[in-house]
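Respectively, the protein sequence lines represent chains A and B.
Number 262 marks the last residue of the first sequence (this note's numbering); no jumps.
Number 352 marks the last residue of the second sequence (this note's numbering); no jumps.
Just so you know, the hints here were simulated from the structure itself, not pulled from any lab data.
Note that the structure is a prediction, hence the values are computed from the model and not measured.
One should not assume that every hint holds.
Distance condition first, Cα-Cα at most 25 Å in a straight line; then the derived DMTMM-like pairs of lysine to aspartate or glutamate [said to hold, decoys possible]:
#1 B:K156 to B:E169
#2 A:K259 to B:E133
#3 B:K324 to A:D233
#4 A:K138 to A:D166
#5 B:K257 to A:D84
#6 A:K14 to B:D252
#7 A:K123 to A:E167
#8 A:K123 to A:E97
#9 B:K273 to B:D58
#10 B:K139 to A:D254
#11 A:K12 to B:D252
#12 A:K259 to A:E241
#13 A:K143 to A:E23
#14 B:K140 to A:D233
#15 A:K12 to A:D35
#16 A:K101 to A:D148
#17 A:K101 to A:D124
#18 A:K260 to B:E133
#19 B:K263 to A:D50
#20 A:K143 to A:E130
#21 A:K227 to B:E144
#22 B:K263 to A:D85
#23 B:K324 to A:D35
#24 B:K324 to A:E241
#25 A:K79 to B:D252
#26 A:K260 to B:E103
#27 A:K250 to B:E133
#28 A:K33 to B:D252
#29 B:K345 to B:D58
#30 A:K200 to A:D180
#31 B:K263 to A:D84
#32 A:K144 to A:E75
#33 B:K140 to A:D254
#34 A:K144 to A:E169
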Amino acid sequence: MLPIKMKVLKAECENEKVTRLVLEAKLDCQPGQFVMVWVPGVDEKPISIAENKPTLEICVANAGPVSEKVSKLKAGDDIYIRGPLGHGFEQKGKKWLMVGGGYGFGPLRFLARVGKDSGKSAEAILGARTKSLLMKKATCDTCFLTNDGSEGKAGTSVDELEARLSAKGAKYDMVFSCGPERMMEAVAKACQKHGVPSQLLVERYMKCGFGVCGHCAMGKWLACIDGPAIYGEEALKNPEFGKAHQDRCGCKKPL
Amino acid sequence: MAKLDVSVAGVKMRNPLVLAAGVRSNYADLLIRAANEGAGAVTSKSCSIEPRPGHPNPTAMIHGQVVMNAIGLSNPGVKEESEQIKKAIKESGVPVIASVFGKNADEFVQAAKLMETAKPAMIELNISCPNVSREGRMFSADPAATEEIVRAVKKAVKLPVSAKLSPNVTDIAEIAVAAKKGGADAITAINCLSGMWIDAYARKPYLANKIGGLSGPGIKPVALRCIYQIRQAVDLPIIGGGGIASGTDAAEMLMAGATAISIGSAVCYRKNAFAEINAELVEFMEKQGYSKVSDIKLE
Numbered sequence: 008m009l010p011i012k013m014k015v016l017k018a019e020c021e022n023e024k025v026t027r028l029v030l031e032a033k034l035d036c037q038p039g040q041f042v043m044v045w046v047p048g049v050d051e052k053p054i055s056i057a058e059n060k061p062t063l064e065i066c067v068a069n070a071g072p073v074s075e076k077v078s079k080l081k082a083g084d085d086i087y088i089r090g091p092l093g094h095g096f097e098q099k100g101k102k103w104l105m106v107g108g109g110y111g112f113g114p115l116r117f118l119a120r121v122g123k124d125s126g127k128s129a130e131a132i133l134g135a136r137t138k139s140l141l142m143k144k145a146t147c148d149t150c151f152l153t154n155d156g157s158e159g160k161a162g163t164s165v166d167e168l169e170a171r172l173s174a175k176g177a178k179y180d181m182v183f184s185c186g187p188e189r190m191m192e193a194v195a196k197a198c199q200k201h202g203v204p205s206q207l208l209v210e211r212y213m214k215c216g217f218g219v220c221g222h223c224a225m226g227k228w229l230a231c232i233d234g235p236a237i238y239g240e241e242a243l244k245n246p247e248f249g250k251a252h253q254d255r256c257g258c259k260k261p262l
Numbered sequence: 054m055a056k057l058d059v060s061v062a063g064v065k066m067r068n069p070l071v072l073a074a075g076v077r078s079n080y081a082d083l084l085i086r087a088a089n090e091g092a093g094a095v096t097s098k099s100c101s102i103e104p105r106p107g108h109p110n111p112t113a114m115i116h117g118q119v120v121m122n123a124i125g126l127s128n129p130g131v132k133e134e135s136e137q138i139k140k141a142i143k144e145s146g147v148p149v150i151a152s153v154f155g156k157n158a159d160e161f162v163q164a165a166k167l168m169e170t171a172k173p174a175m176i177e178l179n180i181s182c183p184n185v186s187r188e189g190r191m192f193s194a195d196p197a198a199t200e201e202i203v204r205a206v207k208k209a210v211k212l213p214v215s216a217k218l219s220p221n222v223t224d225i226a227e228i229a230v231a232a233k234k235g236g237a238d239a240i241t242a243i244n245c246l247s248g249m250w251i252d253a254y255a256r257k258p259y260l261a262n263k264i265g266g267l268s269g270p271g272i273k274p275v276a277l278r279c280i281y282q283i284r285q286a287v288d289l290p291i292i293g294g295g296g297i298a299s300g301t302d303a304a305e306m307l308m309a310g311a312t313a314i315s316i317g318s319a320v321c322y323r324k325n326a327f328a329e330i331n332a333e334l335v336e337f338m339e340k341q342g343y344s345k346v347s348d349i350k351l352e
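Extracted from the complex, chain A is given alone in its bound form:
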């Protein structure tokens, strides 16, 4: 699978950290899958797909040399995309709840839109530390929270999830989550407690993206080909989930 050159149609700041890029072509892809974004001469990085209608979109958080370069792209610039890679969310059940944290909202927004198009009901919860880190574009009914109360409800997305799962009458068939791993761990545990299945999008330092190098392992599970989507129940059984990851050398580090 070779990289495809794509023109940027639109580059838009979503907040202090996140840039949304609308690219010129569609991919045959599912929510939860990712692409390797290559900036020739700089680096290549895995990024979740944030929309595919009418064309491909990615949301890039400015956190390193590639994302810095990517976040400075303008309409008309070129970018190189290798993908789609990995396996995305299983679109099971009818009543969905998205739980996002920080810049992890892109793929959930994409999933909610795809779900609604196919007759599912989708609601979302999005939490961020503060107002300037919220991604405010939404594709379904979304409850926004900030830890410091600067916008939306004060609290965390896990607090809101707990409240909804405990509420009478609220019956979700599936919870989808993307965000910091410790948050997703709390989401998976809350869902387990309430008997609701969950799927999470797990991130690891990635090199090849197609299962040959093994760098992105979480225990025996490889983020690039076994994931990045994983059932919460399965993640909670993985000894490295929420606990350890690898640096660029492959040294195990606490999360």
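Mind docking chain B on chain A? Use the hints.
For chain B alone, kept in the frame of chain A given last:
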């Protein structure tokens, strides 16, 4: 029933398929995974004395029948990796071969000695990585350097030692003879072919390292030729690989002269490479009337 077990330099394997170094072999859990999937033995990713980050991305690509990579020998260093190997030995149930490399004979010796404390079944010397030439020589391009490194490591450790050779040489048989002279107990071959991929639209080499190693089903004819030439030159056991992705591929590799078969890129082409290739090899053997792996030879 055709029997799959083989022995390489005294290391007994339940089947001839060996997970190649550098392919999903960075951590104990992945070595155990390969064993659970049916590997007869597993090789850990090459490690050096100190941790190495490797090259920046892009480090790999897959296209048609080839895989290219220039990971650049990223590894957590021999101290951390030997702990991973201890766990893999305990939990995988198959022989674990530990791959090491260094910038000179002394570093190879130090890495091998530290690795020996983890008690792997064999030490493999990666003297043939095509992707780190700027930092050190590709030792297996030179018979004298090959002999020197193998001899130094053999003197320092008690474990069997295999030298991993490169196809990117004028005469691989000459290098195999040098490895044997140095005291190698086995030969592993082939490492990747040296190659390059250019993106015509970007007008740039795709891999950050510019040059990379080519593997995958497309390189099988080169690998068969190399193993055949090594077999003509030395009587050491050979862990032979390069593009092997099916039972008949494996049979061809055995006919070329391999004792066991290394499986690398095939994990990207087959959903369950080890189990499927083993099953196909058994089927081939039964149809063709072979009762054991060592009977599979050229006419």
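Here is how each hint holds up against the structure:
Annotation: proposed proximity of K156 (chain B) to E169 (chain B) holds, straight-line Cα distance about 19 Å (limit 25 Å). Among the hinted pairs, K259 (chain A) with E133 (chain B) is consistent with the structure: their alpha-carbon atoms are about 9 Å apart, no more than 25 Å. For the hint linking K324 (chain B) to D233 (chain A), the alpha-carbon distance of about 11 Å falls within 25 Å, and the restraint holds. Annotation: proposed proximity of K138 (chain A) to D166 (chain A) holds, straight-line Cα distance about 17 Å (limit 25 Å).
Restraint check for K257 (chain B) and D84 (chain A): satisfied, since their Cα atoms lie roughly 17 Å apart, inside the 25 Å limit. Among the hinted pairs, K14 (chain A) with D252 (chain B) is consistent with the structure: their alpha-carbon atoms are about 16 Å apart, no more than 25 Å. Taking the CA atoms of K123 (chain A) and E167 (chain A), the gap is near 22 Å; set against the 25 Å cutoff, the hint holds. Restraint check for K123 (chain A) and E97 (chain A): satisfied, since their Cα atoms lie roughly 15 Å apart, inside the 25 Å limit.
A hinted pair counts as satisfied when its Cα atoms are at most 25 Å apart, and K273 (chain B) with D58 (chain B) qualifies at roughly 23 Å. At most 25 Å may separate the alpha-carbon atoms for a hinted pair to count; K139 (chain B) and D254 (chain A) meet this at roughly 21 Å. Distance check on the hinted pair: K12 (chain A) and D252 (chain B) sit about 10 Å apart at the alpha-carbon level, within 25 Å; holds. The straight-line distance between the Cα atoms of K259 (chain A) and E241 (chain A) is roughly 21 Å, inside the 25 Å bound, and the hint therefore holds.
Using a Cα cut-off of 25 Å, the hinted pair K143 (chain A) and E23 (chain A) holds, with the two alpha carbons roughly 12 Å apart. This hinted pair checks out: K140 (chain B) and D233 (chain A) have alpha carbons roughly 23 Å apart, not beyond 25 Å. Proposed proximity of K12 (chain A) and D35 (chain A) is supported: the alpha carbons are some 16 Å apart, at most 25 Å. This hinted pair checks out: K101 (chain A) and D148 (chain A) have alpha carbons roughly 15 Å apart, not beyond 25 Å.
Our distance criterion of 25 Å between C-alpha atoms is met by K101 (chain A) and D124 (chain A), whose separation comes to about 12 Å. Distance restraint check for K260 (chain A) and E133 (chain B): the Cα-Cα separation of roughly 11 Å lies within the 25 Å cut-off, and the hinted pair is therefore satisfied. Pair hint K263 (chain B) plus D50 (chain A) holds up; C-alpha atoms about 12 Å apart against a cutoff of 25 Å. At most 25 Å may separate the alpha-carbon atoms for a hinted pair to count; K143 (chain A) and E130 (chain A) meet this at roughly 14 Å.
For a cut-off of 25 Å, the pair hint linking K227 (chain A) to E144 (chain B) stands: about 13 Å separates their Cα positions. Distance restraint check for K263 (chain B) and D85 (chain A): the Cα-Cα separation of roughly 21 Å lies within the 25 Å cut-off, and the hinted pair is therefore satisfied. Between K324 (chain B) and D35 (chain A), the direct Cα distance comes to roughly 21 Å. Compliance with the 25 Å bound is thereby established for this hinted pair. Using a Cα cut-off of 25 Å, the hinted pair K324 (chain B) and E241 (chain A) holds, with the two alpha carbons roughly 20 Å apart.
Between K79 (chain A) and D252 (chain B) the CA atoms are separated by roughly 23 Å; this keeps the pair inside 25 Å, and the hint holds. For the proposed pair K260 (chain A) and E103 (chain B), the alpha carbon gap of about 16 Å is at most 25 Å, so the pair holds. Distance hint between K250 (chain A) and E133 (chain B) is fulfilled; the C-alpha atoms sit about 17 Å from each other, no more than 25 Å. Straight-line distance between C-alpha atoms of K33 (chain A) and D252 (chain B) comes to about 21 Å, which keeps the hinted pair within the 25 Å bound.
Restraint check for K345 (chain B) and D58 (chain B): satisfied, since their Cα atoms lie roughly 8 Å apart, inside the 25 Å limit. Only pairs whose Cα atoms come within 25 Å are accepted, and K200 (chain A) paired with D180 (chain A) is accepted, the gap being roughly 14 Å. Pair hint K263 (chain B) plus D84 (chain A) holds up; C-alpha atoms about 23 Å apart against a cutoff of 25 Å. Among the hinted pairs, K144 (chain A) with E75 (chain A) is consistent with the structure: their alpha-carbon atoms are about 21 Å apart, no more than 25 Å.
A threshold of 25 Å between alpha carbons decides the hint, and for K140 (chain B) with D254 (chain A) the separation of about 20 Å falls inside it, so the pair holds. A threshold of 25 Å between alpha carbons decides the hint, and for K144 (chain A) with E169 (chain A) the separation of about 24 Å falls inside it, so the pair holds.
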